[in-house]
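A.B. asks: Quick note, the sequences are listed as chains P and D, same order. Each number in this note's numbering corresponds to the 1-based position in the first sequence with 812 added. Each number in this note's numbering corresponds to the 1-based position in the second sequence with 590 added.
It is worth saying that the hints were derived from the structure and are not from the lab. Careful, some of the hints might be misleading.
Here are the simulated DSSO-like cross-link-like pairs (lysine-lysine), alpha carbons at most 27 Å apart as the crow flies [unchecked claim]:
#, chain 1, residue 1, chain 2, residue 2
1, P, 1135, D, 733
2, D, 742, P, 1124
3, D, 733, D, 711
4, P, 1131, D, 742
5, D, 665, P, 1135
6, D, 733, P, 1124
7, P, 994, P, 1131
8, D, 712, D, 733
9, D, 795, P, 994
10, D, 813, D, 795
11, P, 1124, D, 665
12, P, 994, D, 711
13, P, 994, D, 660
14, D, 711, P, 1135
15, D, 813, P, 994
16, P, 1135, D, 742
17, P, 1131, D, 712
18, P, 1131, D, 711
19, D, 712, D, 665
20, P, 994, P, 1124
21, P, 921, P, 1124
22, D, 665, D, 795
23, D, 665, D, 711
Bear in mind that the values here come from a model prediction, so they are computed numbers and not experimental data.
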Amino acid sequence: MRARYAITLTIGILSCIVVAFVMDETRTVSVLSFSLRYAVPLILAAMVGIICERSGIINIGIEGQMLMSAFAGFFGAAITGNLILGTMLGVGTGMIMGAFLATGAVAWKMDQIIAGTIINILATGLTSFFYSQGYVLPAITPTLRIPGLADIPLIGPVLFDNGLFTYAAILTALVLWVLLFKTIWGLRTRAVGEMPGSADTSGVNVQRMRFINVTLAGGLAGLAGAYLSIEAASNFDRGMTAGRGFTALAIMIFGAWNPIGALGAALFFGLANGLASQLQADEVIDIPQQFISMLPYVLTIVLLAIVSGRVKPPAAVGKPYEKE
Amino acid sequence: MPSYGSQTPILEARGITKRFPGVIANQDVSLSISPGQIVGLLGENGAGKSTLVKMIYGLYEPDEGEIYIKGSPVKLSGPRDAIRRGIGMVHQHFQLVPVFTVAENIILGDEPHRSIFINMKKATQEVARLSEQFGLEVDVNAKVEDLPVGAKQRVEILKALYRHADLLIMDEPTAVLTPQETDELLQVMRGFADNGVAVIFITHKLREVLAVADTIEVLRGGKVVGTTTPGETDQAGLAQMMVGRSVLLTVDKAPATPGDVVLDVQGLSAATDLGLPAVRDVNLQVRAGEIVGIAGVEGNGQRELVEALTGLRHCTADRMTVAGKNTLGQSPHAIHAMGVGHVPEDREKDGLVGPYSIADNMVLNRFDEPPFSSKGVRSRSAVNTLATDLVQEYDVRTPSISTTAESLSGGNKQKVVIARELSANPELLIASQPTRGVDVGSIEFIHSRIVDARDRGAAVLLVSAELDEVLGLADRVVVMYDGRLVAEMASADVDRSSIGRLMAGGDIQQ
């Protein structure tokens, strides 16, 4: 039923895009490219949420994990003069933050909301304190134009002429879907998030599974953070994640804890923002800039209000596993 | 199939002792099981059956004694280790992932695969093969949450067999089954034995062990108090071993002296949660000082009838009164205040608040009445006095009245519910499955309490899926089939086979 709605909505949006493309080629491509870039960190962060919650752990610390990684990634790249090294530093920082959450929420069986909140507060504090101005990146991140595919009208310039992070995000979502629903890891992860007691008596090590998954997911949050500072802004700003970690959780719910669903939801989010920005720039709508900036947050609230209660989270999410 | 000789026991436990703070759960317990043997493990709640099998399954470590599997001593590090050594367990509370399919549940933890990918086709074939071999019928692709209880249990069993269990521990498997499903399961268990699989069968239903076990081990107070075979003993003998004194398996009661009509229902109809008709035009009267038993196969509207009478379910009726007062359209709380006690069929869900203390559970439906509270402030001391008295009077085995209800065993939980409902001296007691999952000693106790209530002048409506219970306890029996009360008779006149036909929707004169 829900799948049918999603398909109808997708077809509707795609046909609108085609009509728009026929009417105004350059504008459509530019809006879509903007939308996709806007969606990249949301896609990655939503995948973090999906991996964690499918394993039974609430991660509301995605925001802080991203912020720390954005910080580490940017300054790492600026100081070493190497973008790849900076990105790796960002991912590594994300994994450390993931391990931090795993230690609190899995090993110590802390309240998961509190563990995540600690990460958010810690990240805001540390990155603000150690922030210093005057650093610049050694280069702009390269884009990869895939020959042949990039020449297809509309699809080509939007999908196949992007920064590496963009490809990574889309690929992550697709691969995660396969991993979750077709592999041993996926079956065990979902079992651990739905009914850890059953997984345990079936011979799955619940605690280890959760610890590893939460840590690895942190790496993806690191990638999202590195994207923000290294590719999107080419700079680090205090609080630059601007709530994306929380928006990603809404996207995760909107996508019903399914990577493909969340990918679609993130793209939809990106499109809404892309359109609004374009309309604003063209002065088609004349409302103060602040209202446009509000859009992602308002959209989050509206979507959550519509969707929550209709989709079912993993049954064991938020509960530390106690052996009988 | 076991390849070693049947001389070597699959499992041998020697001198097992397990202590918990304050209690000795098992003391010097020894046990031996050969391939293809069914051992019935019998004992009251708290006798140490669960502790013993949890040690065999690696969930606990024994303090003293050794466990030998296939002749070699083992120290099990956990269930995973036990599974690896061919020990499987069917838990009382199913350990299944509701949103997974049957096949996914069975293969979890031991998935057939090609590199990292699950080979679902092979999994399905393997499960289907096992299902056929042991006569355990399941739809491999169905979601577990959509299955009835009996089918879920078959999935649990298949899960153990899939892991090549040659010893299957079944922890009270029949507690959740209907009589027909129970008979099927007992047959399946014989099938395991024929295939060389050994079974430890935990139960407190005497008839079942006598029907299926090769040997019976009786536990009491953590010790093995007897080892016997079905040929050497009978129900009365087993009950005596379990409880340590002779137990009345039949209810001892004087003839009823019915008084005024207390419950008076005319033309009652109610629907299921899905809106289908469940109770159709029921007329029923229960008088003071009599027990009316409703016999019937579960799912024929009994649950909905009880919920309608207690105000938990919307219903329509021409008349529904208790001692002349209208109860139609009243809230459960108001109906309780009119003197209706209710022992719900699902004590975990409807009878108790698990995380609350026993004391709080004892006043769950009158915590706001004096003397338990005055002017909106609760009186702890009044509640505690009542709880202390009731725990003693009803023999609730608990360390203290501040223990949480959920930590009690099934029989003791039920005693808390019975104590609460009877201590309010109800004019009408509605008891639904009052002894489900309760051991023999407690059954006797609960039955005598219900008879006491009747003798005090209460009207009692008893609903039970156990025909023996209805026939033993009730003064008058009505049969419910497909939402209707299809027959009524004095329990003295009842002939088991004709009532069986009525319960199945047949005719009495067949």
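A.B. asks: Look at each hint and say if it fits the structure.
C.D. replies: Hint check:
Distance check on the hinted pair: residue 1135 (chain P) and residue 733 (chain D) sit about 26 Å apart at the alpha-carbon level, within 27 Å; holds. In summary, the hint linking residue 742 (chain D) to residue 1124 (chain P) is supported, as the alpha carbons are separated by about 22 Å, within the 27 Å threshold. Between the alpha carbons of residue 733 (chain D) and residue 711 (chain D) the distance comes to roughly 17 Å, so the proposed pair stays at or under 27 Å and holds. About 24 Å separates the Cα atoms of residue 1131 (chain P) and residue 742 (chain D), which keeps this hinted pair within 27 Å; it holds.
Proposed proximity of residue 665 (chain D) and residue 1135 (chain P) is supported: the alpha carbons are some 19 Å apart, at most 27 Å. Pair hint residue 733 (chain D) plus residue 1124 (chain P) holds up; C-alpha atoms about 15 Å apart against a cutoff of 27 Å. As the CA atoms of residue 994 (chain P) and residue 1131 (chain P) are separated by approximately 26 Å, the hinted pair is consistent with the 27 Å bound. Among the hinted pairs, residue 712 (chain D) with residue 733 (chain D) is consistent with the structure: their alpha-carbon atoms are about 18 Å apart, no more than 27 Å.
Between residue 795 (chain D) and residue 994 (chain P) the CA atoms are separated by roughly 44 Å; this puts the pair beyond 27 Å, and the hint is violated. Distance check on the hinted pair: residue 813 (chain D) and residue 795 (chain D) sit about 19 Å apart at the alpha-carbon level, within 27 Å; holds. Distance check on the hinted pair: residue 1124 (chain P) and residue 665 (chain D) sit about 41 Å apart at the alpha-carbon level, beyond 27 Å; violated. For a cut-off of 27 Å, the pair hint linking residue 994 (chain P) to residue 711 (chain D) stands: about 12 Å separates their Cα positions.
The straight-line distance between the Cα atoms of residue 994 (chain P) and residue 660 (chain D) is roughly 37 Å, outside the 27 Å bound, and the hint therefore fails. For the proposed pair residue 711 (chain D) and residue 1135 (chain P), the alpha carbon gap of about 33 Å is over 27 Å, so the pair is violated. Restraint check for residue 813 (chain D) and residue 994 (chain P): the C-alpha separation of about 49 Å exceeds 27 Å, so the hint is violated. Using a Cα cut-off of 27 Å, the hinted pair residue 1135 (chain P) and residue 742 (chain D) holds, with the two alpha carbons roughly 22 Å apart.
With a CA separation close to 34 Å, the supplied pair residue 1131 (chain P) and residue 712 (chain D) exceeds the 27 Å bound. For the proposed pair residue 1131 (chain P) and residue 711 (chain D), the alpha carbon gap of about 33 Å is over 27 Å, so the pair is violated. A C-alpha spacing of about 34 Å is found between residue 712 (chain D) and residue 665 (chain D), which places the hinted pair above 27 Å, so the restraint is violated. About 21 Å separates the Cα atoms of residue 994 (chain P) and residue 1124 (chain P), which keeps this hinted pair within 27 Å; it holds.
Only pairs whose Cα atoms come within 27 Å are accepted, and residue 921 (chain P) paired with residue 1124 (chain P) is accepted, the gap being roughly 23 Å. At roughly 32 Å between alpha-carbon atoms, residue 665 (chain D) and residue 795 (chain D) are farther apart than 27 Å, so this suggested pair is violated. With a C-alpha separation of about 36 Å, the suggested pair residue 665 (chain D) and residue 711 (chain D) falls outside the 27 Å cut-off, and the hint is violated.
Violated hints, in rising order: 9, 11, 13, 14, 15, 17, 18, 19, 22 and 23; the structure is consistent with all others.
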